[in-house]
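Trainee: Each chain, letter by letter, is given below.
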Amino acid sequence: MTRKTILAFVLVAAFILALAGIANATYGDSSYLNWGSVSAYNYSVDASSTSPHGRYTPNSKKCVVCHATHNAGVAGNGVGSEALLLSARADACTYCHITSNTSSLKVYGGVQANYQGTDWKNAHNYTPGQSVQCSFCHQVHAAKNLMTPNAYLTQKILYKQTAGSYSANAGTPTAIDSPDVAVSKWCTLCHTEYYNPTSGTADWQSHPLVAADNQHAFLGSTTCVACHASNTISSVVPSASAFPHYTDGARFLVSATASSGAGSTPATDTKMDGICIRCHRNGSAPTSGVGNTF
Amino acid sequence: MKKTALVIALVALFALAITSSAFATYGDSSYTAWSSVKADNSAVNGSQSPHGGYAQNTKKCVVCHAVHNAGPSGNGVGSEALLLSSRADACTYCHISNAVSTKIVYGGTATNYNGGSNVRAHDASGWANLFGCKDCHQVHGATADMTGNTYLNSKILKKGADYDWGIVTAANPTTAAAIANEASSSVAVSKWCTRCHPYFNDQQNRDSHVMTTTIDNGVTYSITNACESCHNSTKVSGVVVASAFPHYTDGARFLTSATSTTGAGSADSTDTKMDGICLRCHRDGQVSALGVGVTE
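Chains as they are written, first to last, in the working numbering: chain A, 1 to 294; chain B, 1 to 296.
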């Protein structure tokens, strides 16, 4: 290699490095921040500020953990993303709530495939083209005008829809609704099977949401979670929020031999009678209820 | 003794003759103080600026350029474009270090311009000295170097060979023609900035913040259709100064912070990562406190 060739290489390398310097200067402050690098700082600004979902103040540094103003995209490479995120909106929650231990609130058993797979039986899950995404139910920043008046739904950052979007039988969630009732009404955005016999039409096509009458039913079924009560993942009750994300029970259902809960187990099939017997047979000593005397 | 005195006298005379010769050679090529020709120039055509209003009878060129004796202090050892200094520092005397111009930038402090503080300034020492006044401004407003946009012309911002590094859309093209015809001064500037900062973005889901006049209550409460929507720090040392942006401002990257779109708690941003930069638009500021992150 001649001296001239070496010199040419050196000059080309210097030129490339100079260009890189310009690029860095251009994008410098637009990059993402790691949550770990600012969590202590944010805590010092607002001791209640342990979440990226709220408690934003002018001096906190949270926005830039998820959004890069001028250099968004996978790995902050500036090639574009959704809402200036590292990923698509559908996957924006994944890092903290599924695949890492960043949040204490883990869902989908910490397995990405449980969220982004095709196992609709046990999960609200997301597959491109069959979307039930986090962002469909949750408003990540709890923007107040996108929240319902119900405090529990807001705490779960479940966002409101226009009044007519809910089932007519359910009505709009109100401030005084109990958490389970509010959630049940809220579910009718997609699942319209809300039947309150005291206000709805008799002989509806869906199971009534009523209190126990101790003749036909020995447990109340006033809300969705009365039946869709599976709360385990791999037989372990997680810290929170198995339902309605991903549970051991098919369609989040559980089965039992009676209202006492004896023999309780996640339903492996939505057709199992144990799902019904859980309420329709007296559990103390199954002498009352469905199918005891025949 | 008489001979000695005669020799000394001759030598002295010779020396003076040489000096006189030097004065004769360089004399008319030296710089002229603006103050000494200001009245003459004004008398010709009312011209108060060295940036324009040149006429045959005005005396402006020689304020900055010495035809045969250029260089620092007019010492004739060379400079750039026959100036007293380099091109990068040519504006310093009038617009930074002295009150010759009414338009003082960089807080009147040369180190704010040439001191390495890129966070708060467009700084000539930054980026391997690739940047200076001349990289944005065409000091004489030469028509061929101008964009054709009235506002940009008034700021003697020169046109570039390209804008936006290829990120051009049909709705908001940043071509030279589109910049020339842009009616909004702030949008024209924003498109112009794309010569170096390729962030002009009229579409969602790109790599840079969308620039739009659409307000989506629930998500945002102010428009962000121009760079200055966010980069709007206007102060130097706590005082509002004309043309603080985009030269040197109190705000990091010329950004400001506030608690909401009302501007309550407005302050110059000390850090580009502060949430207040976002809350300025993404929170509405009413008593009901709509917007981002107020309910948890």
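Honestly, the hints are just simulated from the structure, not real lab data. Backbone N, C-alpha and C define an ideal beta-carbon position, used for all residues, glycine too. It cannot be assumed that every hint is accurate.
[To be verified] Listing some non-contacts, in silico: residues in chain B with all C-beta distances to chain A over 12 angstroms:
#1 S86
#2 T102
#3 N112
#4 K134
#5 A142
#6 N181
#7 A183
#8 S208
#9 S237
[Claimed, not checked] Sample of chain B residues with no beta-carbon within 10 angstroms of chain A, all distances over it, derived:
#10 V44
#11 S47
#12 V67
#13 K155
#14 H197
#15 Q204
#16 V219
#17 N225
#18 G238
#19 S257
#20 T259
#21 G265
#22 A267
#23 T272
#24 K273
[As the list claims (entries may be wrong)] Computed Cβ-Cβ distance ranges for the label pairs, DEER-style:
#25 A163(A) / D216(B): 19 to 29 angstroms
#26 T175(B) / A151(A): 31 to 41 angstroms
#27 S234(A) / S266(B): 43 to 53 angstroms
#28 P179(A) / S266(B): 32 to 42 angstroms
#29 S86(B) / R89(A): 43 to 53 angstroms
#30 G263(B) / Q155(A): 24 to 34 angstroms
#31 I223(B) / P128(A): 51 to 61 angstroms
#32 G36(A) / I215(B): 26 to 36 angstroms
#33 Q112(A) / Q203(B): 25 to 35 angstroms
#34 H191(A) / A161(B): 53 to 63 angstroms
#35 A163(A) / Q203(B): 48 to 58 angstroms
#36 G36(A) / T270(B): 17 to 27 angstroms
#37 T270(B) / T50(A): 21 to 31 angstroms
#38 T111(B) / P128(A): 25 to 35 angstroms
Trainee: 24 to 34 angstroms was suggested as the range; check whether the CB atoms of G263(B) and Q155(A) agree with it.
Mentor: 30 angstroms, holds
Trainee: Confirm or reject: A142(B) is not an interface residue toward chain A, with every Cβ-Cβ distance exceeding 12 angstroms.
Mentor: 26 angstroms, holds
Trainee: Going by Cβ atoms, does G265(B) stay more than 10 angstroms from chain A at every point?
Mentor: 6 angstroms, violated
Trainee: Would the non-interface assignment of Q204(B) survive a Cβ cutoff of 10 angstroms against chain A?
Mentor: 8 angstroms, violated
Trainee: Within 21 to 31 angstroms: is that where the Cβ-Cβ distance between T270(B) and T50(A) falls?
Mentor: Hint holds: Cβ distance 23 angstroms, inside 21 to 31 angstroms.
Trainee: The output says S47(B) does not contact chain A. Does that hold with a beta carbon cutoff of 10 angstroms?
Mentor: 38 angstroms, holds
Trainee: S257(B) clear of chain A by more than 10 angstroms, beta carbon to beta carbon?
Mentor: Its Cβ does come within 10 angstroms of chain A, the nearest being 5 angstroms, so this is violated.
Trainee: Would you say S86(B) is clear of chain A, with no C-beta pair closer than or equal to 12 angstroms?
Mentor: Correct as stated: the minimum Cβ-Cβ distance to chain A is 19 angstroms, above 12 angstroms.
Trainee: Falls inside 48 to 58 angstroms, the C-beta gap from A163(A) to Q203(B)?
Mentor: Given range 48 to 58 angstroms: violated, Cβ gap about 32 angstroms.
Trainee: Taking the closest pair, is the beta carbon of T272(B) still more than 10 angstroms from chain A?
Mentor: About 4 angstroms separates T272(B) from the closest Cβ of chain A, which leaves it inside 10 angstroms; violated.
Trainee: The hint says 32 to 42 angstroms between P179(A) and S266(B); measuring C-beta to C-beta, is that right?
Mentor: Since the Cβ atoms of P179(A) and S266(B) sit about 39 angstroms apart, the hinted range of 32 to 42 angstroms holds.
Trainee: Compute the least Cβ-Cβ separation between N181(B) and chain A, then decide whether it is above 12 angstroms.
Mentor: 26 angstroms, holds
Of the numbered hints given earlier, the model fails hints 8, 14, 15, 16, 19, 20, 21, 22, 23, 24, 26, 31, 35, 38; all others are met.
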